[in-house]
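A.B. asks: Residue numbers (the working numbering), protein chains in the order written: chain A, 1 to 230; chain B, 1 to 230.
Please note that a few of the clues may not be correct.
[Claimed, not checked] Mimicking DSSO-like on lysine-lysine, the simulated pairs with C-alpha atoms at most 30 Å apart in a straight line are:
{"id": "1", "chain 1": "B", "residue 1": "Lys189", "chain 2": "A", "residue 2": "Lys186"}
{"id": "2", "chain 1": "B", "residue 1": "Lys185", "chain 2": "B", "residue 2": "Lys217"}
{"id": "3", "chain 1": "B", "residue 1": "Lys199", "chain 2": "A", "residue 2": "Lys185"}
{"id": "4", "chain 1": "B", "residue 1": "Lys185", "chain 2": "A", "residue 2": "Lys186"}
{"id": "5", "chain 1": "B", "residue 1": "Lys199", "chain 2": "A", "residue 2": "Lys186"}
{"id": "6", "chain 1": "A", "residue 1": "Lys186", "chain 2": "B", "residue 2": "Lys160"}
{"id": "7", "chain 1": "B", "residue 1": "Lys186", "chain 2": "A", "residue 2": "Lys217"}
{"id": "8", "chain 1": "B", "residue 1": "Lys199", "chain 2": "A", "residue 2": "Lys189"}
{"id": "9", "chain 1": "A", "residue 1": "Lys189", "chain 2": "B", "residue 2": "Lys189"}
{"id": "10", "chain 1": "A", "residue 1": "Lys199", "chain 2": "A", "residue 2": "Lys217"}
{"id": "11", "chain 1": "A", "residue 1": "Lys180", "chain 2": "B", "residue 2": "Lys189"}
{"id": "12", "chain 1": "B", "residue 1": "Lys199", "chain 2": "B", "residue 2": "Lys185"}
{"id": "13", "chain 1": "A", "residue 1": "Lys199", "chain 2": "A", "residue 2": "Lys185"}
{"id": "14", "chain 1": "B", "residue 1": "Lys185", "chain 2": "A", "residue 2": "Lys189"}
{"id": "15", "chain 1": "B", "residue 1": "Lys186", "chain 2": "A", "residue 2": "Lys185"}
{"id": "16", "chain 1": "B", "residue 1": "Lys185", "chain 2": "A", "residue 2": "Lys185"}
{"id": "17", "chain 1": "A", "residue 1": "Lys189", "chain 2": "B", "residue 2": "Lys186"}
[To be verified] If you want a taste of the chain B side facing chain A, the calculated C-beta under 10 Å gives, among others:
{"id": "18", "residue": "Tyr7"}
{"id": "19", "residue": "Arg9"}
{"id": "20", "residue": "Ala11"}
{"id": "21", "residue": "Val50"}
{"id": "22", "residue": "Gln53"}
{"id": "23", "residue": "His61"}
{"id": "24", "residue": "Gln77"}
{"id": "25", "residue": "Gln83"}
{"id": "26", "residue": "Gln85"}
{"id": "27", "residue": "Val93"}
{"id": "28", "residue": "Val95"}
{"id": "29", "residue": "Thr145"}
{"id": "30", "residue": "His149"}
{"id": "31", "residue": "Ala207"}
FYI, nobody ran anything at the bench for these hints, they're computed from the structure.
These numbers come from a predicted model, not from an experiment.
C-beta atoms are modelled at their ideal positions from N, C-alpha and C, and glycine is treated no differently.
There are 2 protein chains.
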Amino acid sequence: MAYTYDYPRPAVTVDCVVFGLDPTDCLQVLLIQRWLDPFAGQWALPGGFVRHQEGLVQAAHRELREETGIADLFLEQLQAYGQPQRDPRGHTVTVAFYALVNLWNYQVRAATDAKQARWWPMDRLPALAFDHDVIVQDAIATLRTTIRHRPIGFELLPAKFTLTQLQRLYETVLARPFDKRNFRKKLLKLDILVALDEKETNVAHRAAQLYRFDQAKYLERQQTEFNFDL
Amino acid sequence: MAYTYDYPRPAVTVDCVVFGLDPTDCLQVLLIQRWLDPFAGQWALPGGFVRHQEGLVQAAHRELREETGIADLFLEQLQAYGQPQRDPRGHTVTVAFYALVNLWNYQVRAATDAKQARWWPMDRLPALAFDHDVIVQDAIATLRTTIRHRPIGFELLPAKFTLTQLQRLYETVLARPFDKRNFRKKLLKLDILVALDEKETNVAHRAAQLYRFDQAKYLERQQTEFNFDL
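Please model the complete structure; the sequences and the hints are all you need to start from.
C.D. replies: Here is the structure:
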């Protein structure tokens, strides 16, 4: 007979840290306000219980859709959290995921057990339920490490963009300013940008050169790690 | 009343990928041979069910100790695996951990539900139970990425070592040779080594210079990422 385990099992949940880029402000995080206890009325990461025979990513997508209306984003696993006291309902292991999206592309609406769903600026987050503040801090640290080894921007910027827009994107995620000349030199060295024969239109200032990503080289750069030492 | 989840819960397990360095051979992985079904007689990663009110790292250490006799190593979380068909006993989520140790420091002995426990060379692994082959491949990929951004060797080499020993260590983990001059130049640039006023003794060849790690700088380098572009 197969060995099975007779003790009570921990519950298994998933939680999602969705970072939204708003070029006019700092990085945002998608939070929901809880209807029910524990932590009724408090803000938390979208997430919930993994169903019977449901995969982890599948559960994360379902919960995001149910609680915030958001679908079709690319979730990366962050890690599992299993400290036995982290949930007052009892021993619960949660698997956390994260994603980075252009928040203008996603219409957020609350549903199921979420009273409200909205973007919160990273630097003005409310107190979060459970250990979700720790999970958000781990996710931002991982995101910031990741973008030093893989290019970002492809899904976040318009098809044609200026180097200033790209710099703002990096500045928003890393929450610090960069020297313009240095940033440009290093980015162009990555060899993932194509200068277009076009300039910005409808701008008050001097129209800047437009660029697009070289998709093939961009994808290649996603595979071969580099150190974008800004 | 607090919302709870009434469906059957997945089981939760932990699995450990312990890499052992043997300077005379390739990288090794610690495996156990299963006594019981499923996969009775097959080789697998040490691991097992998380107990009631037990933390994940705590469970991983307990299982390692019980099944292989190994204690006191530093486990890093790899990720969770939750594909519903991955365990024939039913829906099981496993959280995988990994570690890199000097295998000469660890006496391995089988216990509890392990029939045997032993080190296997990475390039000659047997077929593994469950999805453990995938977990091992993910762990080696993560280990190889990690050592490009953090120095290794402190716990793996003797207190005084030669640059050749350090090079062999990197070659063993990354499974490829390096150019001696290039490797030395890049390593010395990391500024974590202290040249000693001593040479190797009892060697047939010309005695090489001995080095030690500068612990303060080594720890600093663990914090501030770098790109060891070998």
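A.B. asks: The structure should be examined with respect to each hint, and the outcome stated for every one.
C.D. replies: Checked hints:
1. The suggested pairing of Lys189(B) with Lys186(A) holds, with an alpha-carbon distance near 21 Å, which does not exceed 30 Å.
2. Restraint check for Lys185(B) and Lys217(B): the C-alpha separation of about 17 Å stays at or below 30 Å, so the hint holds.
3. For the hint linking Lys199(B) to Lys185(A), the alpha-carbon distance of about 45 Å lies beyond 30 Å, and the restraint is violated.
4. With a CA separation close to 24 Å, the supplied pair Lys185(B) and Lys186(A) stays within the 30 Å bound.
5. With a C-alpha separation of about 42 Å, the suggested pair Lys199(B) and Lys186(A) falls outside the 30 Å cut-off, and the hint is violated.
6. With a C-alpha separation of about 39 Å, the suggested pair Lys186(A) and Lys160(B) falls outside the 30 Å cut-off, and the hint is violated.
7. A hinted pair counts as satisfied when its Cα atoms are at most 30 Å apart, and Lys186(B) with Lys217(A) qualifies at roughly 27 Å.
8. Only pairs whose Cα atoms come within 30 Å are accepted, and Lys199(B) paired with Lys189(A) is rejected, the gap being roughly 43 Å.
9. Distance restraint check for Lys189(A) and Lys189(B): the Cα-Cα separation of roughly 23 Å lies within the 30 Å cut-off, and the hinted pair is therefore satisfied.
10. Restraint check: the Cα-Cα separation between Lys199(A) and Lys217(A) comes to about 23 Å, which is no more than 30 Å; the hinted pair holds.
11. Of the supplied pair hints, the one linking Lys180(A) and Lys189(B) holds, its CA atoms being roughly 28 Å apart against a limit of 30 Å.
12. Simply put, Lys199(B) and Lys185(B) have alpha-carbon atoms about 20 Å apart, close enough for the 30 Å limit, and the pair holds.
13. With a C-alpha separation of about 20 Å, the suggested pair Lys199(A) and Lys185(A) falls inside the 30 Å cut-off, and the hint holds.
14. Between Lys185(B) and Lys189(A), the direct Cα distance comes to roughly 24 Å. Compliance with the 30 Å bound is thereby established for this hinted pair.
15. This hinted pair checks out: Lys186(B) and Lys185(A) have alpha carbons roughly 24 Å apart, not beyond 30 Å.
16. For the suggested pair Lys185(B) and Lys185(A), the alpha carbons sit about 26 Å apart, so the restraint of at most 30 Å is met.
17. For a cut-off of 30 Å, the pair hint linking Lys189(A) to Lys186(B) stands: about 21 Å separates their Cα positions.
18. Evaluation of the Tyr7(B) hint against chain A yields a held restraint, the C-beta minimum of about 5 Å falling below 10 Å.
19. Residue-level restraint check for Arg9(B) holds (minimum Cβ-Cβ distance to chain A is 5 Å; threshold 10 Å).
20. With a least beta-carbon distance of about 6 Å to chain A, the hint placing Ala11(B) at the interface is held under the 10 Å criterion.
21. This hint holds: Val50(B) has a C-beta 6 Å from the nearest C-beta of chain A, less than the 10 Å allowed.
22. Taking 10 Å as the C-beta cut-off, the interface hint given for Gln53(B) holds, the closest approach to chain A being about 4 Å.
23. Because the smallest distance between the Cβ of His61(B) and any Cβ of chain A comes to about 13 Å, over 10 Å, the interface hint for this residue is violated.
24. Contact between Gln77(B) and chain A, as hinted, is supported at the beta carbon level, the nearest pair being about 5 Å apart and thus within 10 Å.
25. The interface hint given for Gln83(B) holds, since its Cβ lies 6 Å from the closest Cβ of chain A, which is under the 10 Å cut-off.
26. Interface hint status for Gln85(B): upheld, as the beta-carbon distance to the closest one in chain A is roughly 9 Å, under 10 Å.
27. Because the smallest distance between the Cβ of Val93(B) and any Cβ of chain A comes to about 5 Å, under 10 Å, the interface hint for this residue holds.
28. Hint status for Val95(B): holds, given a least beta-carbon distance of 5 Å to chain A, under 10 Å.
29. Hint status for Thr145(B): holds, given a least beta-carbon distance of 7 Å to chain A, under 10 Å.
30. With a least beta-carbon distance of about 8 Å to chain A, the hint placing His149(B) at the interface is held under the 10 Å criterion.
31. A cut of 10 Å between beta carbons decides the hint on Ala207(B): the least distance to chain A is about 36 Å, and the hint is violated.
Checked against the numbered hints above, the structure violates hints 3, 5, 6, 8, 23, 31; every other hint is satisfied.
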